[in-house]
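Colleague: Chains A and B, in that order, give the protein sequences. Using the working numbering, the letters of the first sequence correspond one by one to residues 9 to 122. Using the working numbering, the letters of the second sequence correspond one by one to residues 395 to 509.
Hints in this document: simulated from the structure, not taken from any laboratory. These figures come from a predicted structure and were not determined experimentally. A portion of the hints provided could be inaccurate.
Derived coverage of chain B by chain A (criterion: at least 3 residues anywhere in the stretch with Cβ under 8 Å from a Cβ of chain A; other residues may be distant) [claimed, not checked]:
1. 430-442
2. 463-473
Below are the SDA-like pairs computed for lysine to any residue, each with C-alpha atoms no more than 25 Å apart in a straight line [to be verified]:
3. K77/A to G410/B
4. K11/A to H435/B
5. K11/A to Q431/B
Ideal Cβ placement from N, Cα and C applies to all residues, glycine included.
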Amino acid sequence: LAKTTQPISMDSYEGQEVNITCSHNNIATNDYITWYQQFPSQGPRFIIQGYKTKVTNEVASLFIPADRKSSTLSLPRVSLSDTAVYYCLVGDKKIGGGADGLTFGKGTHLIIQP
Amino acid sequence: DAEITQSPRHKITETGRQVTLACHQTWNHNNMFWYRQDLGHGLRLIHYSYGVQDTNKGEVSDGYSVSRSNTEDLPLTLESAASSQTSVYFCASSESTSPSTDTQYFGPGTRLTVL
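Make the full structure from the sequences, and use the hints.
Modeller: This is the structure:
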């Protein structure tokens with residue numbers, strides 16, 4: 009199984025750039041890396057997905073080194089509303105094909121202060 | 395607009411009772427998932443389905459069952475509720491046939507308390 013390791017929590021301030029790193033040493037060749045955001049009392053929400061190098065959308069950037077054993081979610085100029093739990097996921101695959109669904113770790117609690 | 399809904403949003407039941415949580419999506423997605431979320435454990439996969447009549451066990455499937463009779467619905471049944479099943483339950487759906495690349499859309503959650 010491609011498990012992930014993230015920091016349990018992080019603190020930052022409004023206007024700063026925040027980088028959250030995720031380790032996934034056993035990532036499979038066909039697996040993508042996906043990040044979700046979850047606010048209290050809500051379901052997780054997709055943020056960004058990538059396979060290698062760099063991906064950027066209107067919300068965040070995702071940096072993936074060549075060995076793909078880690079990835080970094082970058083949130084530019086955070087605000088108080090970015091306080092949430094951020095999950096890094098990689099897909100799990102059964103031997104021989106098919107899939108078992110995604111594995112969510114415990115996530116990173118990001119707290120943004122004024 | 396397409397959406398995914400869960401009902402009820404809150405439920406209190408007693409140990410030993412059968413409970414069914416509903417999940418309904420209007421995206422016409424083939425894939426549907428049930429997760430539970432507990433403090434200290436993040437989200438854990440209970441059951442999932444890749445289409446009508448297809449169901450699969452996830453990481454924590456003991457004590458739960460699902461059935462998929464149509465594309466839109468995946469009800470989750472607790473056969474005999476236990477206090478250990480007190481949790482927040484999330485349903486999700488996705489379109490892609492490869493969970494490695496798909497985006498999962500989550501419902502608002504059901505908070506279940508088993509007394």
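Colleague: Next step is simple, just say for each hint if it's right about the structure.
Modeller: Each hint, compared with the structure:
1. 430-442: With 7 residues close enough to chain A, the hint holds.
2. 463-473: violated (count 0)
3. K77/A to G410/B: This hinted pair is violated, its Cα atoms lying about 45 Å apart.
4. K11/A to H435/B: Cα-Cα ~14 Å, so holds.
5. K11/A to Q431/B: holds (17 Å)
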